[in-house]
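*Asks:* Chains as they are written, first to last, in numbering that gives the first Met the number 0: chain A, 0 to 386; chain B, 0 to 386.
Since the hints were derived computationally from the structure, they do not count as laboratory data. Check before you lean on any hint, since a few could be wrong.
Any copy will do: because identical chains look the same in the list, a pair fits if it lies in one copy or spans two.
[Unchecked claim] The list that follows gives simulated cross-link-like pairs (lysine to any residue, SDA-like), each with its CA atoms no further than 20 Å apart:
1) K28 <-> S15
2) K28 <-> K260
3) K175 <-> H130
4) K28 <-> P14
5) K338 <-> A240
6) K237 <-> G104
7) K315 <-> P330
8) K275 <-> G118
9) K237 <-> E85
10) K28 <-> P18
11) K231 <-> P94
12) K28 <-> F17
13) K260 <-> F17
14) K168 <-> P128
15) K231 <-> I203
16) K260 <-> Q64
17) K168 <-> D129
18) K315 <-> D6
19) K168 <-> S206
There are 2 protein chains.
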Amino acid sequence: MSNILYDFGSGRSDPSTFPVAALQQAATKVLAEQATEMTQYPGNLGHPGLRKVMAEREANREGVQVDPDHLILTNGSMQGVTLSAEALQGDRGDPILVEEYSYPGTLGAYRSLGFDMVGIPLDEGGMSPDHVEAELARLHKQGRKPRFIYTISTYQNPTGFVMPLERRKRIIDLAKHYEVPIIEDNCYADVHYEGPLAPSFYAIDDSPDIIYLCSLSKILAPGLRLGYIYAKPPMLEKILARRHDAGSNYFAAAVTAEFYKDGIDEHAQFANPVLKEKRDRTLQGLSEHLGDLCLWSEPVGGLFIWVRLPDDVDRKHLWNLSQQAGVAFLPGVSFHYQKRNVPYLRLAFGHLTLEQISAGLPILADCVRRARTSNEARQFTSLFENA
Amino acid sequence: MSNILYDFGSGRSDPSTFPVAALQQAATKVLAEQATEMTQYPGNLGHPGLRKVMAEREANREGVQVDPDHLILTNGSMQGVTLSAEALQGDRGDPILVEEYSYPGTLGAYRSLGFDMVGIPLDEGGMSPDHVEAELARLHKQGRKPRFIYTISTYQNPTGFVMPLERRKRIIDLAKHYEVPIIEDNCYADVHYEGPLAPSFYAIDDSPDIIYLCSLSKILAPGLRLGYIYAKPPMLEKILARRHDAGSNYFAAAVTAEFYKDGIDEHAQFANPVLKEKRDRTLQGLSEHLGDLCLWSEPVGGLFIWVRLPDDVDRKHLWNLSQQAGVAFLPGVSFHYQKRNVPYLRLAFGHLTLEQISAGLPILADCVRRARTSNEARQFTSLFENA
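Sequences and hints are given; from them, build the entire structure.
*Replies:* Structure below.
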């Protein structure tokens, strides 16, 4: 990967909006003021100040009360993914419901934990509730109870779509009927560009069987490794009972709490427009260079665009051509719950410069054209058709 | 716990030697210089600079080469405890060998993971190899293979003793004979006061089935949540395959790497004498106030003293009296692998002031005397006798 000039592969935040000076001030302050706390263990929930700021973040976005003592700080949202799954785990081979295309890190963790993943088809509204219902009924008939449903319902990774309210409600009803917990991963929360959003599952229904995961990796920086689980008792205790790492990073949490002491809005309002411009530039480049061949998502938030390739693209050839040309992306196969080699790719735009985006997309488009094995016109009319 | 004035309970580092100014400088520098890295994921191994410094720390202490790419940075050594156990886990109920008295955090993690813990008696040389041999033979006869042996061989927690070289060699031989991995937890490493030490297991034998855990919680501060696993391939890959948290805290690691860029010695040589004085003061207080009734360990490093109580102490009464008198400690039951209520208590001295130590011990001694149910003379002549 040493000669990759246009890395659309990894989902990082934007280095240009990383608040160096403010974090320097915050670090200097908390090291002086919280030296004694730094020499203690942070406890299972973690830094009280950051939990308070994150509870306010949630309350402001969702319009409901959030108790800071129901937040568990984690090593990024990925520790939340693993910890919540471990807390709900039964026997190896127990089924869980996941989106057919999902975050590779989560899929890898669930594979490693031995879950039998049941993939639910996606469309422009996210996870299909008809398929959720059918799979829950089928598994119930077989006497196999899913341990949980995992969904990235807002700016779904990789597809970018937001699940509408009515669909969320229906999935909650189905989960309650079959007594299956829901894990909602909202790790792209507040990386929002335009238009209305749907509320989080926990804001729709206060069942303790709804677990919520969030992160600071996307609105601030992944290197801080700060995320959290929001869970109500008795689920809260069940998750804490599975935790054995003596708590999350107090230092990073204290610095971040100081940085965000007046809320997350100021930095988000500075960083999000920068990301929005990159999203727009990526969409523009796709239109100009692949408009006749591909379809893609137009996400209202998050860091990714999901691109449907023509069926006649030799995807192995495309990968090799792109690598040679210095362009990276993540192929569809990475996101499929059964690693099926589907005709998609995901473009991440968060950490690239506008110039890199503008220069990289025509090169990628050229590789797509060169990897085609026919000259036929595009065969599909929607992003999720016949994939 | 709000009126506890003399907290001998928790194993923390010393706030007075926490290097505020140096860490402030380090934080300011790395935030400026590594902003781009901060917006990336740190990878499964973690910050290369901190791994390099920690590999040198190990090499200097043990006199062997340590490859930084065989170090996995973790969220304190407790993530190392859990991750290595998960990597070696088979079925729930599989046996493992642990010291009869061990760190409660580890015991809790192993209980939660469903291991069947087999407790090995301890003496002034740590885990007894005769009992290790007997248990390995017994389990082998039953067709039950232990998943691993876990040992805190240096400044054993809670007993404080260091396992001699010959005993380490014998345990390695036994482990090899029965093909059982060893997990050595050296989390108090380099908190050393006087006299020679024994080498770590990995420095005695380069088998990939020896896993080594270490930490910065004791020599620097637990709030940084930095530890590491040292494991050679193929064990290294086996452990990494079980990791799903997207890597350890890059920010804390970068700051600490900068702070320690010339090695750990300078700060250790400043902090250890301060701790040694507290150990000495604690031993002196015990002699003065409990010399006729109790016996205790005299550790050459680490943060704890293990105190044998007279058998006639009503331990529940002692707990209540101490709490009322504002003195905290951890009772023996916390450390027993089967939670047996053994006649011991552990005193941690790292974070107390000398004045607190001097004032707290006579109060504790008074509680011990008041909790006795007889006036008999001490019935035991060694720390581990008839417990």
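*Asks:* Indicate which option fits the pair K231, I203 if close means a Cα-Cα distance not exceeding 20 Å: within, between, both or neither.
*Replies:* Classified as within: same-chain Cα gap 14 Å, cross-chain 49 Å, threshold 20 Å.
*Asks:* First find the shortest C-alpha distance between K338 and A240 inside one copy, then the shortest across copies, and answer within, between, both or neither for a cut-off of 20 Å.
*Replies:* between (33 Å within a copy, 17 Å between copies)
*Asks:* Measure nothing new, just compare the shortest in-copy and cross-copy C-alpha distances for K28 and S15 to 20 Å and report within, between, both or neither.
*Replies:* Between copies only: 17 Å across chains, 23 Å inside a chain, cut-off 20 Å.
*Asks:* At most 20 Å between C-alpha atoms: does K28 with F17 qualify within a copy, between copies, both, or neither?
*Replies:* Both: 19 Å inside a copy, 15 Å across copies.
*Asks:* What label fits K315 with P330 when the C-alpha limit is 20 Å: within, between, both, or neither?
*Replies:* For K315 and P330, the Cα distance is within 20 Å only inside one copy (10 Å; across copies 62 Å).
*Asks:* With 20 Å as the alpha-carbon cut-off, assign the pair K237 and E85 to within, between, both or neither.
*Replies:* both (10 Å within a copy, 19 Å between copies)
*Asks:* Since the copies are identical, ignore which copy is meant and state whether K28 and P14 lie within 20 Å (CA to CA) inside a copy, between copies, both or neither.
*Replies:* between (23 Å within a copy, 16 Å between copies)
*Asks:* As a check of your reading, is K168 near P128 (CA-CA no more than 20 Å) within one copy, between copies, both or neither?
*Replies:* within (10 Å within a copy, 60 Å between copies)
*Asks:* How would you classify K275 and G118 at a CA-CA limit of 20 Å: within, between, both, or neither?
*Replies:* neither (31 Å within a copy, 59 Å between copies)
*Asks:* How do K231 and P94 come out at 20 Å by Cα distance, when the copy is not named: within, between, both, or neither?
*Replies:* neither (24 Å within a copy, 34 Å between copies)
*Asks:* From the Cα coordinates, with 20 Å as the cut-off, is the pair K260 and F17 best called within, between, both, or neither?
*Replies:* within (17 Å within a copy, 25 Å between copies)
*Asks:* Could you figure out if K260 and Q64 sit no more than 20 Å apart (CA to CA) within one copy, between two copies, both or neither?
*Replies:* within (18 Å within a copy, 45 Å between copies)
When each numbered hint is compared with the structure, violations occur for hints 8, 11.
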